[in-house]
Amino acid sequence: MSARLKFILLSALCFMSTLWAEDSCVEAKRLVQKGISLGDSSESELNYYRQALGLCEKLSEAHYNFGLVKLRQGFPDEAIDAFNKAIALREKETKYLLGKAVALVERKDFGAAK
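Residue numbers for the sequence shown follow this note's numbering, so the first one is 290 and each next one is one higher.
Heads up, a few of these hints could be off.
What the hints assert, rightly or not - Across the chosen pairs, the derived CB separations fall in these ranges:
| id | residue 1 | residue 2 | range |
| --- | --- | --- | --- |
| 1 | Asp-370 | Val-315 | 24 to 34 Å |
| 2 | Lys-323 | Leu-386 | 39 to 49 Å |
| 3 | Ser-291 | Gln-322 | 24 to 34 Å |
| 4 | Glu-316 | Asp-398 | 30 to 40 Å |
| 5 | Asp-398 | Lys-323 | 47 to 57 Å |
| 6 | Ala-377 | Ala-292 | 36 to 46 Å |
| 7 | Lys-397 | Ala-377 | 48 to 58 Å |
What the hints assert, rightly or not - Pairs of lysine-lysine, PhoX-like flavour, derived with a Cα cap of 25 Å:
| id | residue 1 | residue 2 |
| --- | --- | --- |
| 8 | Lys-384 | Lys-318 |
| 9 | Lys-397 | Lys-374 |
| 10 | Lys-323 | Lys-347 |
Everything labelled a hint here was simulated from the structure, so no lab data went into it. From a predicted model like this one, the values you see are computed outputs, not experimental measurements. By construction, the Cβ of each residue, glycine as well, lies at the ideal position given by its N, Cα and C atoms.
Could you build all of it, start to finish, from the sequences and the hints given here?
Okay, structure coming up:
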């Protein structure tokens with residue numbers, strides 16, 4: 290196989306991977322919306338966020354909503370982990386920071402919640 294053909298095939302593969310990743314994130318956003326529409330803090334709602342993150346790990350909204358459900362279920366440590374992941378992706382998003390602060394207060398870690 291010639292070097293030029295290898296280059297063309299590799300370029301096509303990279304392009305297809307990019308398209309697949311974009312499609313996956315679009316589907317992940319749809320799953321997040323389904324979870325939000327449930328809004329009952331159930332395992333079903335959590336599963337939508339898990340599925341979304343399986344498709345698109347960089348989707349900060351999925352991490353954030355996962356954290357909200359964990360917080361409502363009484364698991365502040367798991368919520369903090371999820372909020373930290375959301376913050377790492379979008380550090381200036383106020384609601385992510387507030388979610389983490391609420392979880393820290395729930396954990397009675399008042400100093401860290403400031």
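(request) Go through the numbered hints given earlier and state which of them the structure violates, listing their numbers in rising order. (result) Failing hints, ascending: 2, 3, 5 and 7.
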